[in-house]
Amino acid sequence: MATTLTFALMDAPYENARSTTALRLIDLAVKRGVNVNVFAYEGAVYLPFAKQAQHPNAVHGRSVEEENHPLPRAWIAALMKEATAKGVKLEWVNCGLCVDERGAAEAIEGVRRGSPADFWNFAQNSDNTLVIGTK
Amino acid sequence: MAKYLLIESRDPFENNIVARQYDLAVNLVKEGNQVTLFLVQNGVLPVRPGNLSSLLTNAAKAGVEVLADDFSLRERGIAAAKLAPGIKAVPLSIVIDQLAEGRKAIWH
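Protein chains in written order, with the working numbering: chain A, 5 to 139; chain B, 25 to 132.
The shape of chain B in the complex, shown without the other chains (with noise of 0.2 angstroms):
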């Protein structure tokens, strides 16, 4: 079993891309790895309750640990008790924790 590390920045809104990493994340937990879905900048749009947030929390059922960069929820008036659910507002030290552990990561 791996471990990864996927590093979203982008919005799901404007970047149909964005949908095909969540489903990489899923799909590399259905093969037995262990995988952080971490969102940063504008990754974090889609925790709010909407029609995307729902992919998010997919993946969460599916086993991925869907995390948001609790800096980049601020930056957006995001209150992090507000996130839909399966995902949870974490400090930006996860990713170094996560790099020091030898995780293999992707940023998108």
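Next comes chain A alone, as it looks inside the complex (with noise of 0.2 angstroms):
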């Protein structure tokens, strides 16, 4: 039986290099073979969300393109199509009253709402959890 690694993440996006370790990890599981869950609590909902848009840097005088921002839905959505292709398992579960509290409900395709009961029975169901924390 493939073994089952549970993610419980809190840091909204752009904001601490614990978002980007955190995928990092998520990415490495999958290529291992591990499935995954994520539980995004408090301002980590806002990792999948579908209307984060690249920019240009009027600053640099660099173009959308040329700026190639990168976007956390992006990486999120490669990481699912990553495991849909190594045949495991990524579920990604936004908490819902987070969700409502930021108006952050449009998430991309594959992300699902809702409640810490899902973190519980996410722990319970996994060989072991990690919770990265934002303090």
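Please note: incorrect hints may appear among the correct ones.
The calculated SDA-like cross-link candidates involving lysine to any residue, where the alpha carbons are at most 20 angstroms apart (straight line), are [as the list claims (entries may be wrong)]:
no.	chain 1	residue 1	chain 2	residue 2
1	B	85	B	57
2	B	128	A	124
3	A	90	A	79
4	B	128	A	129
5	A	139	B	38
Since the hints were derived computationally from the structure, they do not count as laboratory data.
Remember, it's a predicted structure, so these values are computed and weren't measured experimentally.
Assembling the complex is the task here: the two chains are given apart, and the hints tell you how they should meet.
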């Protein structure tokens, strides 16, 4: 039976290296054939926000294409695609209350709305859980 | 004997609690546990030989496995060959391996 790991994330995108490290960990887990659950809490519900958009950089005189600003939603979509290709499960649940508070309901395809009960179920049914808190 | 994975993402130069995490690792070893202290992000800054690197070297001497994320080192221009004694540069995948083996994991 394949290993399953659960990650709880709390950081909003573009604020801390923790988000990048978390996505690196998820990528490595998927590449190793590990099933991954993600419970996004608080600001982390904005990681897969569908309306993230690239922008030009007027200060440096770069167009949208030249700037090629990274979008976490695109990274998460790529991780989901990678998981499908690898035949492993990547389940991403956004905390519903956190979503409502922030108006972040428009998530990319594959993200499910849930509650802390989902985190409990994830942890109960995983081989291990890593909570990456903000403080 | 339990196995622990302590992940340290913070810089001890700006956060006094970090040294306590090193102490926690040492104390867990003293109580007969197997402990990996994995440094990532700004947590790798004290691996350069200096006044705080001795804390990590001493932890390694006490039996803590002290590892530093090679990507975080490269991001900060720290050469993997010039780490303080007792610290080893490794890929982040070690964290996945140790989580998969069921280690008790704490992120700080």
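Holds or violated: residue 139 of chain A and residue 38 of chain B, Cα atoms, limit 20 angstroms.
Roughly 14 angstroms separates the two Cα atoms, so the pair holds.
Is it true that the CA of residue 128 of chain B sits at most 20 angstroms from the CA of residue 129 of chain A?
Since the Cα atoms of residue 128 of chain B and residue 129 of chain A sit roughly 16 angstroms apart, the hinted pair holds (cutoff 20 angstroms).
Mind checking the alpha carbons of residue 128 of chain B and residue 124 of chain A for me, to see if they're no more than 20 angstroms apart?
Holds. Residue 128 of chain B to residue 124 of chain A sits at ~17 angstroms (cutoff 20 angstroms).
Checking one constraint from the list: CA of residue 85 of chain B to CA of residue 57 of chain B, max 20 angstroms. Satisfied?
holds (15 angstroms)
Quick one, are residue 90 of chain A and residue 79 of chain A close enough, alpha carbons at most 20 angstroms?
holds (16 angstroms)
The structure fails none of the hints (numbered hints given earlier).
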